[in-house]
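*Asks:* Sequence:
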Amino acid sequence: MLQVCLNGVRRRSESRRVPVTPEELAVEAARAVAAGAEDVHLHPKGADGVDSLEPRAVGEAVGAVRAAVPAGVRVGVTTGAWAVPDPGRRVELIRSWTVLPDHASVNWHEEGAEAVADVLLARGIGIEAGVWSGTDGARRFRAWPRAHRVLRVLAEVTDTDPVTAADTATALVRELEDRPAAPLLLHGEDGGAWAVLRAAAGLGLDTRIGLEDVLTSPDGSDARDNAHLVRFARKVLDEHRARWRP
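The working numbering applies: residue 29 is where the sequence shown begins, and numbers increase by one.
There's no promise every hint is true.
Stated by the list, open to error - Okay, derived cross-link-like pairs now, SDA-like style, lysine to any residue, Cα gap no bigger than 25 Å in a straight line:
#1 Lys-263 with Val-201
#2 Lys-263 with Val-55
#3 Lys-263 with Gly-230
#4 Lys-263 with Met-29
#5 Lys-263 with Gly-36
#6 Lys-263 with Thr-198
#7 Lys-263 with Asp-218
#8 Lys-263 with Gly-232
#9 Lys-263 with Val-191
#10 Lys-263 with Asp-247
#11 Lys-263 with Gly-100
Claimed, not checked - Derived Cβ-Cβ restraints for the label pairs, each shown as a range:
#12 Arg-151 with Arg-44: 34 to 42 Å
#13 Arg-117 with His-268: 36 to 44 Å
#14 Ala-75 with Asp-195: 38 to 46 Å
#15 Ala-95 with Thr-163: 29 to 37 Å
#16 Arg-44 with Pro-208: 35 to 43 Å
#17 Ala-75 with Arg-170: 34 to 42 Å
#18 Thr-49 with Gly-100: 22 to 30 Å
Source of the hints: derived by calculation from the structure; they are not laboratory data.
Just so it is clear, CB atoms sit at the ideal spot from N, CA and C, and this is done for glycine as well.
Work the whole structure out from these sequences, hints included.
*Replies:* Dropping the structure here:
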């Protein structure tokens with residue numbers, strides 16, 4: 029499975045191509061799915077362009093994207109602590125969502141991850157359990173009594189060195205080998221994004237790409253949009269599949 033991550037915490041100042049408004053997210057999602065993405069992850073933004081968990085921001089972003097992509101394409105959001113540092117407030121906001129995403133990512137090294145995950149389960153929202161390299165996220169996730177109920181584990185390689193990122197990815201996958209049964213989505217960021225995507229292809233794992241993770245194509249040129257990145261990723265995945273086809 030190839031997921032597109034449309035924008036992340038990035039602001040327009042980083043790249044004018046980063047979608048911010050619900051309308052921009054919808055256009056980018058539709059193009060990315062047409063290019064080969066099978067799942068969508070996005071960060072709803074407030075009027076200031078900063079990540080928001082407010083019901084209106086979440087509802088407008090999810091609603092616009094859901095209407096723009098084919099039925100069956102899941103749409104997910106972040107619950108990152110950078111948007112709302114107080115765990116109790118994060119839980120309150122999720123309880124107040126009126127338009128529910130199909131899934132939401134929970135970073136397991138963040139304070140309050142367990143409480144956030146519990147309220148998502150209570151609302152019927154799938155959980156992407158975010159486990160970052162270089163953190164105690166894997167240990168904390170395994171210790172959570174309801175770890176077996178997540179939709180998938182989102183293994184994020186924070187090593188941005190293209191030379192070492194693949195090795196860091198392999199180490200993170202090994203760290204998660206004894207996780208409760210759940211699909212593993214492996215991805216990197218910035219300089220390490222393409223190396224980790226190739227590592228995921230080699231390991232037969234789900235992965236993702238998009239302007240949240242990287243602003244450049246494999247050749248180092250600026251990405252035109254999310255669909256541009258998805259097409260490159262699809263080519264890598266298809267080439268690997270063809271190489272190992274019996």
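*Asks:* Now tell me if each hint is right for this structure.
*Replies:* Each hint tested on the structure:
1. Lys-263 with Val-201: Cα-Cα ~23 Å, so holds.
2. Lys-263 with Val-55: 22 Å, holds
3. Lys-263 with Gly-230: 13 Å, holds
4. Lys-263 with Met-29: 13 Å, holds
5. Lys-263 with Gly-36: 23 Å, holds
6. Lys-263 with Thr-198: Satisfied, since the Cα-Cα distance of roughly 22 Å is no more than 25 Å.
7. Lys-263 with Asp-218: 19 Å, holds
8. Lys-263 with Gly-232: Roughly 15 Å separates the two Cα atoms, so the pair holds.
9. Lys-263 with Val-191: Status holds; Cα separation ~21 Å.
10. Lys-263 with Asp-247: 14 Å, holds
11. Lys-263 with Gly-100: With a Cα-Cα distance of about 23 Å, the restraint between Lys-263 and Gly-100 holds, given a limit of 25 Å.
12. Arg-151 with Arg-44: 34 to 42 Å: With a Cβ separation near 35 Å, Arg-151 and Arg-44 satisfy 34 to 42 Å, so the hint holds.
13. Arg-117 with His-268: 36 to 44 Å: Taking Cβ atoms as reference, Arg-117 and His-268 lie about 43 Å apart, which means the hint holds.
14. Ala-75 with Asp-195: 38 to 46 Å: 42 Å, holds
15. Ala-95 with Thr-163: 29 to 37 Å: 36 Å, holds
16. Arg-44 with Pro-208: 35 to 43 Å: 42 Å, holds
17. Ala-75 with Arg-170: 34 to 42 Å: For Ala-75 and Arg-170 the Cβ distance comes to about 39 Å; the hint holds.
18. Thr-49 with Gly-100: 22 to 30 Å: 25 Å, holds
Violation of the numbered hints given earlier is absent; every hint is satisfied by the structure.
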